[in-house]
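Enquirer: Here's the letter readout for the chains.
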Amino acid sequence: MANTLTQPATAPPWRGELRAGYLAMLPLWLSAAPFGMIYAVSAVAAGLSPAQTVAMSLLVFAGGAQFIAVGMVAAGAGPLAITVTTLVVNARHLLMSASLAPHLRGVGRWKRLLLAAQLTDESYAVGVARFLEGRGSAAFQIGCNLSLYTIWPLSAVAGVLLGGAIPDPAALGLDLVFPLTFIGLLVPLLREPANRLAALAAALLTVAGALWLPGSWYVLLAGLLGSALGALLARNRGLAGADPTPGGAP
Amino acid sequence: MTIWLAILGMALVTLATRALPLLLMRGALPTWLGRWLGFVPVAVFAALALRPLLVSAGPEPRLVAGLPLLAGLAGALAAWHTRSVVATIVVGMLVYWGLRLATG
Chain V
268 MANTLTQPAT APPWRGELRA GYLAMLPLWL SAAPFGMIYA VSAVAAGLSP AQTVAMSLLV
328 FAGGAQFIAV GMVAAGAGPL AITVTTLVVN ARHLLMSASL APHLRGVGRW KRLLLAAQLT
388 DESYAVGVAR FLEGRGSAAF QIGCNLSLYT IWPLSAVAGV LLGGAIPDPA ALGLDLVFPL
448 TFIGLLVPLL REPANRLAAL AAALLTVAGA LWLPGSWYVL LAGLLGSALG ALLARNRGLA
508 GADPTPGGAP
Chain L
5 MTIWLAILGM ALVTLATRAL PLLLMRGALP TWLGRWLGFV PVAVFAALAL RPLLVSAGPE
65 PRLVAGLPLL AGLAGALAAW HTRSVVATIV VGMLVYWGLR LATG
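Residue numbers (this note's numbering), protein chains in the order written: chain V, 268 to 517; chain L, 5 to 108.
Excised from the complex, chain L in its bound form:
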């Protein structure tokens, strides 16, 4: 029963974080806010892309520079030239698997 309560609580707070801004921010936004929010996707993409490549997971995070970072750089090159997410994934994964085979 307590697990069902936990699931219900999780569902409600998660829905709130997803829905409240979109439900409350209706109509025209102030110019400064629109300009600010316009840069949010770029900043969020950078955060979500770089965290797993640069900082180790686990209780004691530290800077890392390993095969995932190299695969990410290869993916970035592919993204620059192709503007394609699928090409980015394919190139990045192939480079990652290739390097893993090469380095044993």
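For reference, chain V alone in the conformation it holds in the complex:
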């Protein structure tokens, strides 16, 4: 942090971190791009103008909420109903943002705001996994965010331009890239017994929440209670768990 102000002979380390985060998200472009285009096609079909369609991807930048909003516009819902629904759908971000706080203790207000503004499920996952490895940084997380923030609005532009000439990504199974990414991040953490307990509790809560709760409440339920159970069980059994202390200064 301090040495970003000095004049180093080589590129400052944060630039490499930013780049590494950006590149780490590239596999996710494979599924983000077709979904961003499908969103745009359905938005235009629902009556949004091309400018509104792209503006929503730029300003809201939240796939699930955008698809739901488009459906609500098509059904004639008003701005207030759409806003409240978005709040409910995106409430899970509260938990993700909070869980980054212990890792960003030395980071100032504006950098935190910049980092938080584009936090998504996928970029949070890749960024926080890096923190859990002890190699994370604010710059890496921002790089992850910017990577999706590049492809998501661009794909909306492409969707507006290409219209209906776009294959359904779900028909190709490309929607599987998202869960596979989370599996790739989760499974290596399962070598720690305490993490296994938290993941097992979260898995059960996810199935129950997905079956019986509306929308994306299952993420909040499993994220809050699964982690609490993991922390409690780990303490009672004296297990080492995920270490929330920051590995390297951001």
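Hint data in this document are derived by calculation from the structure and do not stem from the laboratory. Built from N, CA and C at the ideal position, the CB exists for glycine as well. Mixed in with the good hints there might be a few duds.
[Claimed, not checked] Example chain L residues on the side facing chain V (calculated, C-beta under 10 Å, incomplete):
1) V17
2) T18
3) R22
4) A32
5) L33
6) L37
7) V48
8) V59
9) R66
10) A80
11) A82
12) I93
13) M97
14) A106
15) G108
[Stated by the list, open to error] If you anchor each label on the Cβ, the simulated ranges turn out as follows:
16) V:G375 - L:L67: 42 to 50 Å
17) V:A313 - L:L16: 17 to 25 Å
18) L:L103 - V:W377: 43 to 51 Å
19) V:G401 - L:G108: 30 to 38 Å
20) L:L9 - V:E400: 37 to 45 Å
21) V:A475 - L:L12: 32 to 40 Å
22) L:G31 - V:L478: 35 to 43 Å
23) V:P434 - L:L28: 39 to 47 Å
24) L:G31 - V:R286: 28 to 36 Å
25) L:T86 - V:P317: 40 to 48 Å
26) L:G108 - V:G345: 42 to 50 Å
Position chain L against the provided structure of chain V, taking the given hints into account.
Expert: Relative to the frame of chain V, chain L by itself:
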């Protein structure tokens, strides 16, 4: 005009959910809270990974166990051995496409 209002409202509440915890939780956190939050990523990963593999989308969700779940298990094996997200995606997608071809 109402659509622009909706976009503005969505943008504001989404920014609030993303930024408020990080802006408010400054300085050292209590030990118990830090321990709790330390397990949040694992729990969130499990939730986001398993929901699409185990429960069907749509208005009437139910438990499913199909090709996506098998592809997810193959991906999990790859993740255990390689610790690589890219390898997990490649193995999972190849298994998925292979099974789809094999089962018609």
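Enquirer: If a hint holds in the structure, say so; if it does not, say that too.
Expert: Results of checking the hints against the structure:
Because the smallest distance between the Cβ of L:V17 and any Cβ of chain V comes to about 4 Å, under 10 Å, the interface hint for this residue holds. At a threshold of 10 Å, the smallest CB-CB gap from L:T18 to chain V is about 5 Å, leaving the interface hint in force. Checking L:R22 against chain V by beta carbon gives a least distance of about 5 Å; that is within 10 Å, so the hint holds. Taking 10 Å as the C-beta contact cut-off toward chain V, the hint placing L:A32 at the interface holds, the least distance being around 7 Å.
A least Cβ separation of about 6 Å between L:L33 and chain V falls short of the 10 Å threshold, and the interface hint therefore holds. Because the smallest distance between the Cβ of L:L37 and any Cβ of chain V comes to about 8 Å, under 10 Å, the interface hint for this residue holds. With 10 Å as the threshold, the beta carbon of L:V48 comes within range of chain V, its nearest partner Cβ sitting at about 5 Å, so the hint holds. Here the hint on L:V59 is kept, as its CB sits about 4 Å from the closest CB of chain V, short of 10 Å.
With its C-beta approaching chain V no nearer than about 7 Å, L:R66 sits inside the 10 Å limit, and its interface hint holds. Given hint, L:A80 at the interface with chain V, holds; its Cβ is 5 Å from that chain's nearest Cβ, closer than 10 Å. The restraint placing L:A82 at the interface with chain V holds, with a minimum CB-CB distance near 8 Å, inside the 10 Å limit. Because the beta carbon of L:I93 sits about 5 Å from the nearest beta carbon in chain V, less than 10 Å, this interface hint is met.
Taken as an interface hint, L:M97 checks out: its beta carbon lies about 6 Å from the nearest beta carbon of chain V, inside 10 Å. This hint is violated: L:A106 has a C-beta 14 Å from the nearest C-beta of chain V, more than the 10 Å allowed. Because the beta carbon of L:G108 sits about 15 Å from the nearest beta carbon in chain V, more than 10 Å, this interface hint is broken. About 46 Å separates the C-beta atoms of V:G375 and L:L67, a value consistent with the hinted range of 42 to 50 Å.
Between V:A313 and L:L16, the C-beta spacing of about 21 Å keeps the proposed range 17 to 25 Å intact. For L:L103 and V:W377, the hinted distance range of 43 to 51 Å is satisfied, since their beta carbons lie about 49 Å from each other. Separation of V:G401 from L:G108 is about 47 Å and departs from the stated range, judged on CB atoms against 30 to 38 Å. The hint said 37 to 45 Å for the Cβ distance between L:L9 and V:E400, and at roughly 43 Å that hint holds.
With their beta carbons about 35 Å apart, V:A475 and L:L12 fall inside the hinted range of 32 to 40 Å. Between L:G31 and V:L478, the C-beta spacing of about 40 Å keeps the proposed range 35 to 43 Å intact. In this structure the supplied range 39 to 47 Å holds for V:P434 paired with L:L28, their Cβ-Cβ distance being about 44 Å. Our hint of 28 to 36 Å for L:G31 and V:R286 holds, since their Cβ atoms are close to 30 Å apart.
Our hint of 40 to 48 Å for L:T86 and V:P317 holds, since their Cβ atoms are close to 42 Å apart. Separation of L:G108 from V:G345 is about 46 Å and conforms to the stated range, judged on CB atoms against 42 to 50 Å.
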